[in-house]
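Student: The primary structure of each chain is shown beneath.
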Amino acid sequence: MSETTTLQVLKATAKNSFINKFTLTPPIYWLIQILVVSFFSMYFFVILADYVGNPEVTVTYVVVGNAVQSVAITTLASVSQVPGTEKHTGTLGGLIQTPTPLFTIFLGMSTVGIFTGFCSMLVSLAYAAFIFNVSFAACNFLSVAIIMIFTCLSLTGLGLMVGSVGIHLRTSAIIANIVSYIGLLISGVNFPISYLPDWVQIISNCMPLTYAVEATRSAVNGASLADLWLQIVMMTVLGIIFAIIAWYSFRFFEKKSRISGTSDNF
Amino acid sequence: MSFRAVKAGFRQQAIQFITDPQWIIPSLILPFLFTMVMLFIYRDVTGPIVLQAVLGGGVLGMWANTLFASSFTIAYDRMNGTFEPMLCSPTRIFDILLGRSLWNAFIGLLNAILIFIVAELIFGTGLSLMNPIGFFFMLILTLFSLSSVGMLISTSFVFTRMGSFFSSIFEYPIYVLSGALVPITMLPTSLQYISYILPPAWGIDAMKYSAIEGYESMMGVSVYTDILVILILSALFLMASFLVMSKVERRILSDGSATRY
Chain A
1 MSETTTLQVL KATAKNSFIN KFTLTPPIYW LIQILVVSFF SMYFFVILAD
51 YVGNPEVTVT YVVVGNAVQS VAITTLASVS QVPGTEKHTG TLGGLIQTPT
101 PLFTIFLGMS TVGIFTGFCS MLVSLAYAAF IFNVSFAACN FLSVAIIMIF
151 TCLSLTGLGL MVGSVGIHLR TSAIIANIVS YIGLLISGVN FPISYLPDWV
201 QIISNCMPLT YAVEATRSAV NGASLADLWL QIVMMTVLGI IFAIIAWYSF
251 RFFEKKSRIS GTSDNF
Chain B
1 MSFRAVKAGF RQQAIQFITD PQWIIPSLIL PFLFTMVMLF IYRDVTGPIV
51 LQAVLGGGVL GMWANTLFAS SFTIAYDRMN GTFEPMLCSP TRIFDILLGR
101 SLWNAFIGLL NAILIFIVAE LIFGTGLSLM NPIGFFFMLI LTLFSLSSVG
151 MLISTSFVFT RMGSFFSSIF EYPIYVLSGA LVPITMLPTS LQYISYILPP
201 AWGIDAMKYS AIEGYESMMG VSVYTDILVI LILSALFLMA SFLVMSKVER
251 RILSDGSATR Y
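From first to last, the protein sequence lines are chains A and B. Mind the numbering: the first sequence is residues 1 to 266 in the working numbering, read in order. Mind the numbering: the second sequence is residues 1 to 261 in the working numbering, read in order.
Just so you know, not all the hints are guaranteed correct.
[Stated by the list, open to error] Here's a subset of chain A near chain B, in silico, CB distances under 8 Å, partners left out:
#1 F22
#2 T25
#3 L31
#4 Q33
#5 V36
#6 F40
#7 F44
#8 D50
#9 N54
#10 V59
#11 T60
#12 F115
#13 F118
#14 N221
For the record, the hints were derived by calculation from the structure and aren't laboratory data. Nothing here was measured: the structure is a model prediction, and the numbers come from that model. Every residue, glycine too, gets a C-beta built ideally from N, C-alpha and C.
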């Protein structure tokens, strides 16, 4: 496929993803969902931290962590469920017949998920500032903005990798669910990763979210982009690795599905 | 009420679950992760607090299962094109959903027990219940109360194609307002009032009362008051869901909008 065609496909599928999303869920409901889920998911852990009273797990610690986690939940869940949804609605077979690689199609379709993730984080940070009284006085907003973009992109790579399995399995919803929420436990969202067993910490270090949470906390405390280069590099590298795996994974399952004619198997 | 329809709804839901049992996994994961997070934040704490975290996790599991099963059951009817025949049949949708909810409640109970077992195996929590028989009774009662809330919410799934929207909207608030992991007294007063009108909040209170020695109940009431309030509130929720469902059913039948997308 030429570069122009790839861009055309990305543009068309991105546009389609927004049309699909907002036809099924009117924008006002979509906004309510972001507002309610972001608030209660953050509030739940705030009162938990308050109740437990661990001096290392302060309200600010939990609020910033959950603001970043909201991106993971939204981006990962929506991106990774795209192939499974196509399968469920019976359109996957048609997509496999087209000359365009599935990876390109689903990357474009992920746009609305990335956009939603970005909005969730904005809403969550607003809650942090205006409801949970997290001080942003020292915050480096440019660093936060850049980290948000890198977080969404790196998680898209992970989401696509997970989603590719949806072509083969009956659904990708379950594995997507696990990956979306596992960050609550292993990425330092609600408590330092040093609390975890050593072998789990190795997995934590392979998750882009771990670096995103760490970088955002530092940026809120005033760290500049120069201070956060390591986290940004790690997110980029992991995002690229996941995207490459996703590319091959899509090709593998696409080929398998064509040969065995199982794209609509449940 | 048609008991035959309730039984058929129960059986149908059981068959669907047995055909594809993987759907229990999502309703296990989040509550279990929450419990784990709480236990990790506590670090090295033992005794009633750990027990409270594990019990809370079990309740969250029951709620997640009730909510998602209610939302997906109607969503799949819509997608599979079986929703219209259901509406055209002389059987009330409420009866069919009640049968399905009973199965979901049964799975919710297994879900909670599974969380207790896994927590025990991983953390060695040493679950020692003060009154095991009373606790089991309260667990069933709590499940009943959660199902009554689930039934009311499931009316929205009949009315709209946005079942997933409503299920995500209602998931976290009940986690917070039920006092499953964190006591209701930690909430602002305005939210505490909302908790008091939710039957699961009383169910959880009764569960903790029978499980934890020296537990001070919500509003200082006895366990019998808890039971009475659960029964009254659950009955009110069920009546409300019956009335709303009847109205919704009439409306979608009159304007033919059941499967409009």
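Student: Could you tell me which of the hints above the structure violates, numbers in ascending order?
Tutor: 1, 3, 10, 11, 12, 13, 14
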